[in-house]
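Asker: Listed in order, the protein sequences are those of chains A and B.
For the first sequence, the positions run 1 to 514 when our numbering is used.
For the second sequence, the positions run 1001 to 1300 when our numbering is used.
Among the clues, some could well be false.
[What the hints assert, rightly or not] Have a look at the derived ranges for each label pair, beta carbon to beta carbon:
#1 D476/A / L1247/B: 42 to 50 angstroms
#2 I467/A / M1283/B: 18 to 26 angstroms
#3 L64/A / P1160/B: 38 to 46 angstroms
#4 D1142/B / A313/A: 18 to 26 angstroms
#5 D1142/B / D460/A: 38 to 46 angstroms
#6 R1061/B / D460/A: 19 to 27 angstroms
#7 E1143/B / E412/A: 32 to 40 angstroms
#8 Y151/A / P1160/B: 43 to 51 angstroms
[Stated by the list, open to error] Covered by chain B, according to a simulated footprint, are these stretches of chain A (three or more residues, beta-carbon under 8 angstroms):
#9 278 to 289
#10 376 to 382
#11 385 to 398
#12 474 to 482
[As the list claims (entries may be wrong)] Quick list of in silico lysine-lysine cross-link-like pairs, DSS-like style, CA-CA up to 27 angstroms:
#13 K1219/B / K415/A
#14 K26/A / K1145/B
#15 K1109/B / K1270/B
#16 K1109/B / K181/A
Calculated directly from the structure, the hints in this document are not laboratory data.
Since the structure is predicted, the reported quantities are computational estimates derived from the model, not experimental observations.
For glycine and all other residues, C-beta sits at the position ideal for the given N, C-alpha and C.
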Amino acid sequence: MTKIRRLTQAVFLLIFLWLFLQTESKGANELGYPVKIFLDADPLIFITTALSSRQLDFPFLLALLVILATVFLGRVFCGWVCPLGTLHNLAGSLKKKRPPAKPFNAYRWKYYILIFIVVAAVFTLQPAGVMDPIALLIRSLSLAVYPIVQYVTVSAFDSLYAWHLPLVTDASEWIYGLLKKGFLSFQQPFFRQAVFTGLVFLGILALNLQERRFWCKYLCPLGALLGLLSRYALLKRSVSEGCDGCGVCLGSCQGAAGPDLKDKWIKQECLACMNCDDVCPKNAVRFGFSANASGTALDLGRRRVIGSALAGAIAVPALRITPLKKAGAADQQLIRPPGSREEREFLKRCVKCGECMKVCVTNGLQPALLEADLEGIWSPVLVPRIGYCEYRCTLCGQVCPTGAIRNLSPDEKAKVKIGLAMIDQSRCLPFAHGMSCIVCEEVCPTPKKAIRFEEVRVRDRDGREQILKQPHVDLDLCIGCGICETKCPVLGRPAITVTSIGESRSRDNQLLLS
Amino acid sequence: MNRRDFMKSALITGAAISLPAGLDPVLTALQAAQGPDLAVVRGTPPARITGAAVDALGGMRRFVSRGDVVVVKPNIGWDRTPEYAANTNPEVVAAVVRLCLEAGAKKVKVFDHPVSDARRTYKQSGIADAAAASGAAVGFMDERKFKDMRINGLTLKTWPLYTEVIEADKVINVPIAKTHGIARLTLGMKNWMGVMGGWRGRIHQRIDESLVDLAGFIKPALTILDAVRILTDNGPQGGDLADVKLLNTVVAGTDAVAVDAFGATLFGLKPADLGCVRLGHQMRLGSMDLAGMKIKRITL
Chain A
1 MTKIRRLTQA
11 VFLLIFLWLF
21 LQTESKGANE
31 LGYPVKIFLD
41 ADPLIFITTA
51 LSSRQLDFPF
61 LLALLVILAT
71 VFLGRVFCGW
81 VCPLGTLHNL
91 AGSLKKKRPP
101 AKPFNAYRWK
111 YYILIFIVVA
121 AVFTLQPAGV
131 MDPIALLIRS
141 LSLAVYPIVQ
151 YVTVSAFDSL
161 YAWHLPLVTD
171 ASEWIYGLLK
181 KGFLSFQQPF
191 FRQAVFTGLV
201 FLGILALNLQ
211 ERRFWCKYLC
221 PLGALLGLLS
231 RYALLKRSVS
241 EGCDGCGVCL
251 GSCQGAAGPD
261 LKDKWIKQEC
271 LACMNCDDVC
281 PKNAVRFGFS
291 ANASGTALDL
301 GRRRVIGSAL
311 AGAIAVPALR
321 ITPLKKAGAA
331 DQQLIRPPGS
341 REEREFLKRC
351 VKCGECMKVC
361 VTNGLQPALL
371 EADLEGIWSP
381 VLVPRIGYCE
391 YRCTLCGQVC
401 PTGAIRNLSP
411 DEKAKVKIGL
421 AMIDQSRCLP
431 FAHGMSCIVC
441 EEVCPTPKKA
451 IRFEEVRVRD
461 RDGREQILKQ
471 PHVDLDLCIG
481 CGICETKCPV
491 LGRPAITVTS
501 IGESRSRDNQ
511 LLLS
Chain B
1001 MNRRDFMKSA
1011 LITGAAISLP
1021 AGLDPVLTAL
1031 QAAQGPDLAV
1041 VRGTPPARIT
1051 GAAVDALGGM
1061 RRFVSRGDVV
1071 VVKPNIGWDR
1081 TPEYAANTNP
1091 EVVAAVVRLC
1101 LEAGAKKVKV
1111 FDHPVSDARR
1121 TYKQSGIADA
1131 AAASGAAVGF
1141 MDERKFKDMR
1151 INGLTLKTWP
1161 LYTEVIEADK
1171 VINVPIAKTH
1181 GIARLTLGMK
1191 NWMGVMGGWR
1201 GRIHQRIDES
1211 LVDLAGFIKP
1221 ALTILDAVRI
1231 LTDNGPQGGD
1241 LADVKLLNTV
1251 VAGTDAVAVD
1261 AFGATLFGLK
1271 PADLGCVRLG
1281 HQMRLGSMDL
1291 AGMKIKRITL
């Protein structure tokens, strides 16, 4: 059974990683692959988003399927499918000693975390993404792991290229070409907080050295949700009379199910890995379908449940008494991707999975730190100095699992303003320094350019007359894509900058009368 | 390169390398010397007028020798589909690639350093697919292959340029005719911005000198200006079909300044209205004296 399970896990992990690699533009308007199906299949994201947004306008059929599977078979998702779980298995194989000297036995923690999240979602907060395993994994891979892999690979091949060795360099360039086609990113991704998110991820994996699948046993809120759903699963474990209580199964258990407790085992904690069946020297363990009740009920303790629920409820106002919520006080750098819902609605849905940042062709979408306050940590922000919003690209909306960024048609997208550009005349070359430039006008993508010129005559130091074209922003036409800021040759503080003012999604954050 | 220079170099290279091929290169060179300075062909489809323009100049064998590595440099600057006339017409590019391969080129490379995202521009312009289908090696530019080059021009002293362009046996420029905010038009000379690395936006401070420096440094064997569709406003990126004018025209010549000078007339401008043309003429990079040129006009 172990072999079949490992094979299944490997297949799902490979599908997951392959789809992760496909979350990148090849130049067409669509990606061509269902890159977000793991997020679509995530019941925690489905339930919390449905609660917080009070809408069901995002794909959730796969999530229902996982719920159904869990109700019948138990936590097979955790044991057989979850790519983060499989990575935990791999990380855990680095741990030598087994069984653990003393299990933490804190499996209840994750239920408190789940209760906190769900209650917060009932009151319209969406904190699930911070700890949801799929969102966490995609975010960590996108922001930290993949950029590091890219950097290391490219540096290695660049060195071989620079050494210019006969045959070796030819071979390495050939391999490099293959990697560029199938594995490497088109360009080196750069992300804010890369080290931070990477260390968090590393820490989570390192917990396996304390105890294998520490995360899954004690912390994962999705695991907790699936645990609750598996209470009455039909796939059950039974232990026959032959059991002599040797306890080998305890060390092999991937969850915290207490297989040595025989009929008193904790069913919700069983990942259906069936290791206990495999290792039992007496062959006393059996998995089979039955309608009989089995295992002990989960006792979370009333006070702790109430405490978690209260914490979830209080988190909502606590996170929202921020001055950033006042109109006009919002962080001006909080430029959301095109198609983003109004900020409040946006935050009810965004699960911080990082898909939009991974797919952004210019790398301009970056994880927020506190631009949207704590509630919006790791949500996407466009940072034009890093990358602009490509005029005809709609990929971020295509990959968003919850519709926080709506999937716009190219025609719709062309009309969406994400902000407005304004010129700093004290730095702009034709205004401040009598030099011609107009890069902003050249790159402005709107069909009728949102940057126009005014021709002026100026005299230089020696009194020679010169005709200069000075740029002005047409606020009606400007969509705030930020390419002018990205390409502005005035490095350092650019002479043209975009802020979120004028964004279509907001009623209040407006400048113009109409 | 003017006609006399071309004669000289063609005779010399002909004598030096073409003994097995006999007198053929010399003959083509002689033919070319009697041929037109510019070929202007009007008609459809784009591939046919492209071929006719090259034929009018003496055929691609005049420019490409057997075994050459040729760089065909279109304008793939923007994320726009062909009908918006922001990038070179893909059929023109494909036709040029085919002609080069038919003339015996060993390899034809097609690339550009776009302003918009390269993946999108290559795909959406239709050029990557069309050129690859004609047998070109279409690739994105590789950051490692930009090297500082000593240009020693009026403005550009050294600048990182793309080595594959400099190392190629022959370079063919295949720009499109469009308006441009500071240069007024972007034609052949302006197309060389696409082989620049570094923060090239700075060259707008002295655009005309910079373009003449680049054109003089790169010295394409042939310039084929795509005016199948021209962009008459909101260039160089466009986006409004109302700004696109269908001319079904291709202009070809060996004199980069002359091609651009003619390109200006497509927009109702005089050659001297373009700073880079005026300066290129002054610097003897080429000629803008259209009246003194032999221009072969063909309508198909």
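Asker: Evaluate each hint against the coordinates.
Answerer: For each hint, the structure was consulted:
no. : hint                                 : result
1   : D476/A / L1247/B: 42 to 50 angstroms : violated, 32 angstroms
2   : I467/A / M1283/B: 18 to 26 angstroms : holds, 22 angstroms
3   : L64/A / P1160/B: 38 to 46 angstroms  : violated, 55 angstroms
4   : D1142/B / A313/A: 18 to 26 angstroms : violated, 56 angstroms
5   : D1142/B / D460/A: 38 to 46 angstroms : holds, 41 angstroms
6   : R1061/B / D460/A: 19 to 27 angstroms : violated, 51 angstroms
7   : E1143/B / E412/A: 32 to 40 angstroms : holds, 35 angstroms
8   : Y151/A / P1160/B: 43 to 51 angstroms : violated, 22 angstroms
9   : 278 to 289                           : violated (count 0)
10  : 376 to 382                           : violated (count 0)
11  : 385 to 398                           : holds (count 4)
12  : 474 to 482                           : violated (count 0)
13  : K1219/B / K415/A                     : violated, 43 angstroms
14  : K26/A / K1145/B                      : holds, 22 angstroms
15  : K1109/B / K1270/B                    : violated, 34 angstroms
16  : K1109/B / K181/A                     : holds, 18 angstroms
Violation of the numbered hints given earlier is confined to hints 1, 3, 4, 6, 8, 9, 10, 12, 13 and 15; the remaining hints are satisfied by the structure.
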